[in-house]
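Please construct the entire structure, taking both the sequences and the accompanying hints into account.
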Amino acid sequence: LVEWKPPAIYKSSCEIDVEYFPFDEQTCVLKFGSWTYDGFKVDLRHMDEKSGSNIVDVGVDLSEFYMSVEWDILEVPAVRNEKFYTCCDEPYLDITFNITMRRKTLFYTVNIIIPCMGISFLTVLTFYLPSDSGEKVRANEIQIGSNTPVK
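Using the working numbering, read the sequence shown as starting at 1 and increasing by one per residue.
If you are wondering where the hints come from, they were derived from the structure by calculation, not from laboratory data.
From a predicted model like this one, the values you see are computed outputs, not experimental measurements.
Glycine included, every Cβ here is placed at the ideal spot set by N, Cα and C.
Watch out, some of these pointers could steer you wrong.
[Claimed, not checked] The following label-pair restraints were derived from C-beta to C-beta distances:
{"no.": "1", "residue 1": "85", "residue 2": "19", "range": "30 to 38 Å"}
{"no.": "2", "residue 1": "75", "residue 2": "114", "range": "29 to 37 Å"}
{"no.": "3", "residue 1": "6", "residue 2": "73", "range": "16 to 24 Å"}
[Stated by the list, open to error] Derived DSS-like pairs: lysine-lysine, alpha-carbon spacing no greater than 30 Å straight-line:
{"no.": "4", "residue 1": "50", "residue 2": "104"}
{"no.": "5", "residue 1": "50", "residue 2": "11"}
{"no.": "6", "residue 1": "5", "residue 2": "41"}
{"no.": "7", "residue 1": "41", "residue 2": "11"}
Structure below.
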């Protein structure tokens, strides 16, 4: 039995689905396995794996994880997979980590959604002002100015 603690920080990227932004959840998949040795030479197992089960509910130690200001980690299960290829009799093993995260929405709600709703509401209210009044033109100028980003 060999326990491997790699002295590395892994950087990865994953595909993000922004359909429900900013109220979205994302799942990133990280797959670790040997490309050189088959499962008979390297029997890859998670250290918290129970016998008879290939799934570990909490596959990553998050005790030293720096909390993100943008994401909450919901779950990080690990699954041990065995794959047999048509060329070979031996299995090829990997451990796949599915990191599920939920975006924190407070920043986007306060800075994007509420101001946009307020400006939209004020735009509708300008239709109730008399057309010959100067306030109608001024109100629309203010709304256009608030939609323009200032740098």
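Now the hints, each set against the structure:
no.: 1; hint: 85 x 19: 30 to 38 Å; verdict: holds (36 Å)
no.: 2; hint: 75 x 114: 29 to 37 Å; verdict: holds (30 Å)
no.: 3; hint: 6 x 73: 16 to 24 Å; verdict: holds (20 Å)
no.: 4; hint: 50 x 104; verdict: violated (34 Å)
no.: 5; hint: 50 x 11; verdict: holds (29 Å)
no.: 6; hint: 5 x 41; verdict: holds (19 Å)
no.: 7; hint: 41 x 11; verdict: holds (28 Å)
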